[in-house]
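Student: The primary structure of each chain is shown beneath.
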Amino acid sequence: MSNNKIINWFKFASPQSFYPLAGKMIPWFWTLAAIFTIAGLWISFFVAPTDATQGEGYRIIFIHVPAAWMSMFLYCVMAAWAGIGLALNTRLSGMMAQAIAPTGAIMAFLSLWTGAFWGKPMWGAWWVWDARLTSALILFFLYIGFIALQAAIDDARRADKAGAILALVGVVNVPIIYFSVKWWNTLHQGASVAINKAPAMATTMLWGMLIMALAFWMYAIALVLMRVRAIILEREAHTDWVKDLPEVKGN
Amino acid sequence: MNWGSPAEFFAMGGYGLYVWGSFGICALLMIVEPILASRRRKDILRSLRRERFAATLDSQ
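If you read the protein sequences in the order shown, they are chains A and B. Note that the numbering used here numbers the first sequence so that position 12 is 12, with each residue one more than the last. Each number in the numbering used here comes from the position in the second sequence (counting from 1) with 1000 added on.
Excised from the complex, chain A in its bound form:
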């Protein structure tokens, strides 16, 4: 074992080294997102059978569940980056949290929207003040609040700190969403997939959902990397390394 094989991960914690790295990763994540989307949509519409009770209407699950998962997962990642930024005062952390928020908000919106379009034919209502739905709506508002709070503060580092507090306090909502169907008597059905029990659905349906979840995951990573590159340029605009970038120098 020689020392020169050890990668210095902290190197990538600087915006200057992360910017080109992110640029290299984006096409790979777009490719993966495209592959998983095509495979996932194929399974969703052509392989997965008609549901015995919900007919073709259940196919909304293939985007509803991945969007809902991503909205919760991205919130945790955003809060983690925000927390790291608060504790270690690293510049990239705040930028990552800021880059994740809009994609998280879109996922939260999609989970609510597809949920409404699923609830209307199955429950007879677009919306009910059920514990699951209400806590998911609060998650959407937390994203919006985070974005608005950061946008309201001119100094980027101060905005990061204020946003971090909001993000960290809001994390308490994520387990509430997840366990809401257990803790309260909700109209929303229980978890279809859980670690401690066999999935309550047909195998092809489950695969379709998992592959769509992977597609959403890859999409979210690609998007966050795209956005963080823009944010890096905006915040580091005064630095020499940005002024010397080939895409800035060459017209």
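These aren't lab readings, by the way, just hints derived from the structure by calculation. Ideal Cβ positions, reconstructed from N, Cα and C, are used throughout, including at glycine. Treat the hints loosely; a few may be bogus.
If you only want the chain A side, here are some residues facing chain B, beta carbon under 7 Å, derived [what the hints assert, rightly or not]:
#1 A52
#2 E56
#3 R59
#4 I60
#5 I106
#6 T114
#7 W123
#8 G124
#9 R157
#10 L168
#11 L223
#12 A230
#13 E247
#14 V248
Given the coordinates of chain A, work out where chain B should sit on it, guided by the hints.
Tutor: Structure of chain B alone, referenced to chain A:
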């Protein structure tokens, strides 16, 4: 295969509005979001190039 004809596919067994209303908005947002994100980077790059150009004018 679940569908006998394209019409049957679009009808989604009577759930067309709900299934396509969900997938449609999802697709729309996932097309618009990358466009906005790449525009954001292009905008900052344009202003950086302009600043750089202005700096070269100043130094002359």
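Student: Against each hint, give a clear statement of whether it holds in the structure.
Tutor: Comparing the hints with the structure gives:
1. Hint on A52/A is violated. Least Cβ distance to chain B is approximately 12 Å, over the 7 Å limit.
2. Hint status for E56/A: holds, given a least beta-carbon distance of 4 Å to chain B, under 7 Å.
3. The restraint placing R59/A at the interface with chain B holds, with a minimum CB-CB distance near 5 Å, inside the 7 Å limit.
4. Evaluation of the I60/A hint against chain B yields a held restraint, the C-beta minimum of about 5 Å falling below 7 Å.
5. At about 5 Å, the closest approach between the beta carbon of I106/A and any beta carbon in chain B falls short of 7 Å, and the interface hint on this residue holds.
6. About 4 Å separates the beta-carbon of T114/A from the nearest beta-carbon of chain B, less than 7 Å, and the hint is met.
7. Look at W123/A: its Cβ only gets to about 12 Å from chain B, farther than 7 Å, so that hint breaks.
8. The beta carbon of G124/A is not positioned within 7 Å of any beta carbon in chain B (closest approach about 12 Å), and the interface hint is therefore violated.
9. Nearest Cβ of chain B to the Cβ of R157/A: about 18 Å, over the 7 Å cut. The hint is violated.
10. Residue-level restraint check for L168/A is violated (minimum Cβ-Cβ distance to chain B is 25 Å; threshold 7 Å).
11. Interface restraint check for L223/A: the shortest CB-CB distance to chain B comes to about 6 Å, inside 7 Å, so the restraint holds.
12. About 4 Å separates the beta-carbon of A230/A from the nearest beta-carbon of chain B, less than 7 Å, and the hint is met.
13. Checking E247/A against chain B: minimum C-beta separation of about 6 Å stays under 7 Å; hint holds.
14. Residue-level restraint check for V248/A holds (minimum Cβ-Cβ distance to chain B is 5 Å; threshold 7 Å).
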